[in-house]
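Visitor: Residue strings, one per chain:
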Amino acid sequence: MAKVTIDDITIEVPDGTTILQAARMIGGHVVPPAMCYYTKLKTSGGYCRTCLVKVEQGSEKDPRPMPKPVASCRTTVMDGMVVRNTTSPEIQEARAGVVEFLLLNHPLDCPICDQAGECHLQDLSYEHGKEGTRFEFEKRTFDKIDIGEKIQLHMTRCILCYRCVKVADQLTDERVHGVMNRGEVSEISTYIEKAIENDFSGNMIDVCPVGALTDKTFRFKSRVWYTKPMYAHRDCDKCSGKTTLWYQGEDVLRVTGRKDVYGEVEDFICNTCRFDKKLTKDWVIEGPAEIDRHSVIIQNHTEKLIPKEQVQILPNLPGVDFTKKIES
Amino acid sequence: MGKKLLLQNIDVPGINTYEVYRKTGGYKSVEKVLEQKNPDAIVEEVKKSGLRGRGGAGFPTGMKWSFLAKPEGVARYLVCNADESEPGTFKDRYLMEKIPHLLIEGMITSSYALGANTSFIYIRGEYFYVLRILEKAIKEAYENGWLGKNIKGSGYNLDLYVQVGAGAYICGEETALLESLEGKRGNPRIKPPFPAVAGLYGCPTVVNNVETIAAVVPIVNDGGDAYAAVGVERSTGTKLISASGHINKPGVYEIEMGVPVEEFIYSDEYCGGIKNGKKLKAVVAGGSSVPILPADLILKTAAGNPRLMTYESLADGGFATGTMLGSGGFIVMDETTSIVKNLWNFSRFYHHESCGQCSPCREGTGWMEKILHKILHGHGTIKDIDLLWDIQSKIEGKTICPLGDAAAWPVASAIRHFRKEFEEYVNNPESIQDVKHYFNVHNVAEA
Amino acid sequence: MKNIEFSEETLKTIREIINRYPEGKHKSALIPILHIAQSEFEGWLSPEAMSYVAEILNIEPVEVFEVASFYSMFNLKPVGKCVIEVCHTSSCWLMGAEDVINHIGKRLGIKPGQTTSDGLFTLKTVECLGSCGTAPMLMVGADFYENLTLEKVDTLIDACKSSGKSSSYLVDKMLG
Chain D
748 MAKVTIDDIT
758 IEVPDGTTIL
768 QAARMIGGHV
778 VPPAMCYYTK
788 LKTSGGYCRT
798 CLVKVEQGSE
808 KDPRPMPKPV
818 ASCRTTVMDG
828 MVVRNTTSPE
838 IQEARAGVVE
848 FLLLNHPLDC
858 PICDQAGECH
868 LQDLSYEHGK
878 EGTRFEFEKR
888 TFDKIDIGEK
898 IQLHMTRCIL
908 CYRCVKVADQ
918 LTDERVHGVM
928 NRGEVSEIST
938 YIEKAIENDF
948 SGNMIDVCPV
958 GALTDKTFRF
968 KSRVWYTKPM
978 YAHRDCDKCS
988 GKTTLWYQGE
998 DVLRVTGRKD
1008 VYGEVEDFIC
1018 NTCRFDKKLT
1028 KDWVIEGPAE
1038 IDRHSVIIQN
1048 HTEKLIPKEQ
1058 VQILPNLPGV
1068 DFTKKIES
Chain V
1333 MGKKLLLQNI
1343 DVPGINTYEV
1353 YRKTGGYKSV
1363 EKVLEQKNPD
1373 AIVEEVKKSG
1383 LRGRGGAGFP
1393 TGMKWSFLAK
1403 PEGVARYLVC
1413 NADESEPGTF
1423 KDRYLMEKIP
1433 HLLIEGMITS
1443 SYALGANTSF
1453 IYIRGEYFYV
1463 LRILEKAIKE
1473 AYENGWLGKN
1483 IKGSGYNLDL
1493 YVQVGAGAYI
1503 CGEETALLES
1513 LEGKRGNPRI
1523 KPPFPAVAGL
1533 YGCPTVVNNV
1543 ETIAAVVPIV
1553 NDGGDAYAAV
1563 GVERSTGTKL
1573 ISASGHINKP
1583 GVYEIEMGVP
1593 VEEFIYSDEY
1603 CGGIKNGKKL
1613 KAVVAGGSSV
1623 PILPADLILK
1633 TAAGNPRLMT
1643 YESLADGGFA
1653 TGTMLGSGGF
1663 IVMDETTSIV
1673 KNLWNFSRFY
1683 HHESCGQCSP
1693 CREGTGWMEK
1703 ILHKILHGHG
1713 TIKDIDLLWD
1723 IQSKIEGKTI
1733 CPLGDAAAWP
1743 VASAIRHFRK
1753 EFEEYVNNPE
1763 SIQDVKHYFN
1773 VHNVAEA
Chain B
40 MKNIEFSEET
50 LKTIREIINR
60 YPEGKHKSAL
70 IPILHIAQSE
80 FEGWLSPEAM
90 SYVAEILNIE
100 PVEVFEVASF
110 YSMFNLKPVG
120 KCVIEVCHTS
130 SCWLMGAEDV
140 INHIGKRLGI
150 KPGQTTSDGL
160 FTLKTVECLG
170 SCGTAPMLMV
180 GADFYENLTL
190 EKVDTLIDAC
200 KSSGKSSSYL
210 VDKMLG
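Protein chains in written order, with our numbering: chain D, 748 to 1075; chain V, 1333 to 1779; chain B, 40 to 215.
Bear in mind the hints are in silico, worked out from the structure with no lab data behind them.
If you're wondering where the values come from, they're calculated on a predicted model, not measured in any experiment.
Heads up, some of the hints might be wrong.
Stated by the list, open to error - Not close to chain V: a few residues of chain B, all C-beta gaps over 10 Å, as computed: (1) Ile43; (2) Thr49; (3) Lys66; (4) Ser129; (5) Leu133; (6) Gly158; (7) Leu159; (8) Gly169; (9) Asp182; (10) Tyr184; (11) Thr194; (12) Asp197; (13) Lys204; (14) Tyr208; (15) Gly215.
Claimed, not checked - Under the rule of at most 30 Å between Cα atoms (straight-line distance), these lysine-lysine pairs were calculated in the DSS-like manner: (16) V:Lys1516 with B:Lys51; (17) B:Lys116 with D:Lys891; (18) V:Lys1481 with V:Lys1364; (19) V:Lys1523 with D:Lys789; (20) V:Lys1468 with D:Lys787; (21) D:Lys968 with D:Lys1006; (22) B:Lys51 with B:Lys191; (23) V:Lys1702 with V:Lys1726; (24) V:Lys1726 with D:Lys789; (25) B:Lys64 with D:Lys787; (26) B:Lys64 with V:Lys1516; (27) D:Lys1024 with D:Lys989; (28) D:Lys1006 with D:Lys989; (29) D:Lys891 with D:Lys1025; (30) V:Lys1471 with B:Lys212; (31) D:Lys886 with V:Lys1673; (32) D:Lys801 with V:Lys1523; (33) V:Lys1726 with V:Lys1706; (34) V:Lys1581 with V:Lys1523; (35) D:Lys886 with V:Lys1715; (36) V:Lys1335 with V:Lys1430; (37) D:Lys789 with B:Lys66; (38) V:Lys1581 with B:Lys191; (39) V:Lys1632 with V:Lys1523; (40) D:Lys815 with V:Lys1523.
We put the beta carbon where it would ideally sit given N, CA and C, even for glycine.
The task is simple: from the sequences and hints, build the whole structure.
Guide: As structure tokens, then:
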């Protein structure tokens, strides 16, 4: 076990735990945001730099600070490590910088993007970004491509988190898409317009933190905050069959994996569950899905399900009182 | 004439051939280590020598070697970094082209010290003709029993291969180099683990620059102490300097560490002064990545002491008034040079060479280039200069590998020391001349 | 378009390259083989050529495409018979690379990144080739042409034209 102190809160964690995981064990405001790290995907993380933290003391044995900010998702804790996240102004400044870089070439097309309302980049920019843009040049754009019948790749929105590539590498037996070119013009693409046909390819949609990979069967059907998420399950011979169904009225508009508070799925689900089972009779309904109380998704539907004592003011947004909105 | 430890025989006719190289005492270090049969003693000698990595970072080589993990039954690798791509640097090419057996001898001796049985020289693709020279020399070394099985009856086996790159500055970063050597995109790895624990094919690996490995030869031959006796302070031995730009005698010079910068620029033994009798304006002393210094600060430190060609003296004053020895790529600029234009050129380079893996470098390098292009063409504002400063500060130290720093430092130092020139471009755009346009290729797919 | 297939002799060379690496690490041979493919298949890597290389190494075609598109020496579109690569970084820039590029561009009627309509020349700008002490410089195939003057450039273009040879990184001293 190793003792680690993050923003003055000390916790004991198993050896080999990363700083990010330790912060998630503490929970709340000390948790750094993560755009590319994904617990279930090996070798993920380290690319986006949003989770940078300051290591003020390396360990009990070697108390020297680390010279540069480190990616908390890829740095394991040492016994006696002291970490600063929200209590370090320079980390807050660095993070605002990273958010600016990620938004530099990202289109401002949230009003027509299916991901809006459950987009991690939206959340990140609200919580850690600055107002306005200082970038006055043309943003880079790419053509949309279909990868398979059910998935659309809108590369212009991609932040190159590599999660979808890792899904293809680790969940499917044949990878036909990957990262092409170099530097600023790097792009996720297929090798000569090839369809991704694999039972688990749909998980690329779930792991995508932005609207770069979207479910074509849900495209433009509704906004996520007009739909009502319900947990459901079915007997499936390919996956656990545990999903979230997104209802509008009586219709199931889409099926996704069940996501935790960090947007990570509990289980990867198969394409049959995701794309082919869109009738209530296909499923055993368990009840309303647990959705982060800060999410725009619950603003329309499930607010009453949250016990009042659990409703708190968002720590990162001083002056904004969310309780009022939820109660009204 | 300073002491030479690497290039002393460079003018001997035929030194690129095995026969001549051997006659001038070549491969003695291999004989010595195979006879002594004590690899750890070699590591000790290298430690004693004070040799520091000659690729740019200046990390003590002996220490790097002693970090190499040695788990039972796991292969260890020595990889030579011959990806020399830092703008302003061409010393490794010179050494490999003129005296290839020195590198091969160093590779054998070093591989023996580290217990490697397969070693690679990773050379940048653009040096294809040098690759042929190395391959020929390696063939000669095999034929004469210095490589292969049971070398000179010692029981030690070593295979040495040259691996070719294909055009990517980032592959000079040691983990990107290993990725490339494994047949992948040259994306730097996230550390830890360091190559000493998990490098090539996940095995313990040491990656050293060409010049570093060549320096092991005199260290083994004459002892670490003899090597450390050359040079000053923690800058021991000799250093190959690639001198270029507006000077009378560009080329590769082996200097004893400690030569005053002024002497290096103006003496006929080295650069021979500024071309066409012009005045010195600025110097980039260690390859394009290191901070640029104006004439007064490169010749003397802020405290008024003569600046010397050493790690310490060049760094004197930190980044406020100092710079770095880096790879020894010494680029001299005369009084007619536009710092803004030159910086745009550097920024274009880093933009082109960013691997694209992490966001500050992928997005920030292109942004800086665009702003510089705007200023260069007379459309900039004072705000743009401040913005540039802010962007570089948000890249520096935030990226996976040092390319982010390398892109940020030139911008920071140019603004720090030459802000007035940037303001001149902003305030008097009509005075800007000599801005030419040509189309840039940023993507190989366009070619 | 030539047949996308290596000769028996080339395949032998490729097998030798693959044998350098430990078992299961044959992907290391990818970049060296791509150089051979580019040289043998008209100076560029077509999707067919890359699929063929993938087949030889028993890896996914997308892995080849990822790698080929990363490195600037690999051409993913057809190029002219003679590819002229002019360094435009740092010392070459200080010593007049712009003039060299503009001169070649004017003489051939193309911009960097383009190929002449007769398919003879492609002009590329490239980053520092480690020839800073002999700047400005350019590269044709594996050969460096250094300390350039505009006259030297003209002579070189004429020599390329009259030689009728194709530039290749694998051939030293293309013009003798």
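Visitor: Against each hint, give a clear statement of whether it holds in the structure.
Guide: Outcome of the hint check:
1. Ile43: Holds: least Cβ distance 19 Å, greater than 10 Å.
2. Thr49: holds (16 Å)
3. Lys66: violated (4 Å)
4. Ser129: Incorrect as stated: the minimum Cβ-Cβ distance to chain V is 4 Å, not above 10 Å.
5. Leu133: Non-interface label on leucine 133 of chain B violated, nearest chain V Cβ at 5 Å vs cutoff 10 Å.
6. Gly158: Holds, because the least Cβ-Cβ distance between glycine 158 of chain B and chain V comes to about 14 Å, which exceeds 10 Å.
7. Leu159: Its Cβ never comes within 10 Å of chain V, the nearest being 15 Å, so this holds.
8. Gly169: Not fine: 4 Å to the nearest Cβ puts glycine 169 of chain B too close to chain V.
9. Asp182: violated (7 Å)
10. Tyr184: holds (12 Å)
11. Thr194: About 20 Å separates threonine 194 of chain B from the closest Cβ of chain V, which puts it past 10 Å; holds.
12. Asp197: holds (22 Å)
13. Lys204: Check passes; 16 Å lies beyond 10 Å.
14. Tyr208: It is violated; tyrosine 208 of chain B is separated from chain V by about 5 Å at its closest Cβ, not greater than 10 Å.
15. Gly215: For glycine 215 of chain B, whose nearest Cβ neighbour in chain V is about 14 Å away, the distance exceeds 10 Å, so it holds.
16. V:Lys1516 with B:Lys51: holds (23 Å)
17. B:Lys116 with D:Lys891: It holds: about 22 Å lies between the C-alpha atoms, which stays within 30 Å.
18. V:Lys1481 with V:Lys1364: Distance ~18 Å between lysine 1481 of chain V and lysine 1364 of chain V Cα, so the pair holds.
19. V:Lys1523 with D:Lys789: With a Cα-Cα distance of about 15 Å, the restraint between lysine 1523 of chain V and lysine 789 of chain D holds, given a limit of 30 Å.
20. V:Lys1468 with D:Lys787: violated (49 Å)
21. D:Lys968 with D:Lys1006: Within the cut-off at roughly 21 Å; holds.
22. B:Lys51 with B:Lys191: violated (40 Å)
23. V:Lys1702 with V:Lys1726: holds (16 Å)
24. V:Lys1726 with D:Lys789: Given that 30 Å is the threshold and the Cα spacing comes to 28 Å, the pair holds.
25. B:Lys64 with D:Lys787: Distance of about 26 Å is within 30 Å: holds.
26. B:Lys64 with V:Lys1516: This hinted pair holds, its Cα atoms lying about 11 Å apart.
27. D:Lys1024 with D:Lys989: Holds. Lysine 1024 of chain D to lysine 989 of chain D sits at ~12 Å (cutoff 30 Å).
28. D:Lys1006 with D:Lys989: Within the cut-off at roughly 11 Å; holds.
29. D:Lys891 with D:Lys1025: holds (26 Å)
30. V:Lys1471 with B:Lys212: holds (21 Å)
31. D:Lys886 with V:Lys1673: Holds. Lysine 886 of chain D to lysine 1673 of chain V sits at ~24 Å (cutoff 30 Å).
32. D:Lys801 with V:Lys1523: Holds: lysine 801 of chain D and lysine 1523 of chain V sit about 16 Å apart, inside 30 Å.
33. V:Lys1726 with V:Lys1706: The given pair, whose Cα atoms are some 20 Å apart, holds under the 30 Å limit.
34. V:Lys1581 with V:Lys1523: Outside the cut-off at roughly 41 Å; violated.
35. D:Lys886 with V:Lys1715: Within the cut-off at roughly 21 Å; holds.
36. V:Lys1335 with V:Lys1430: Between lysine 1335 of chain V and lysine 1430 of chain V the Cα gap is close to 19 Å, so the pair holds against 30 Å.
37. D:Lys789 with B:Lys66: holds (21 Å)
38. V:Lys1581 with B:Lys191: holds (21 Å)
39. V:Lys1632 with V:Lys1523: Given that 30 Å is the threshold and the Cα spacing comes to 37 Å, the pair is violated.
40. D:Lys815 with V:Lys1523: This hinted pair holds, its Cα atoms lying about 13 Å apart.
The earlier numbered hints that this structure contradicts are 3, 4, 5, 8, 9, 14, 20, 22, 34, 39.
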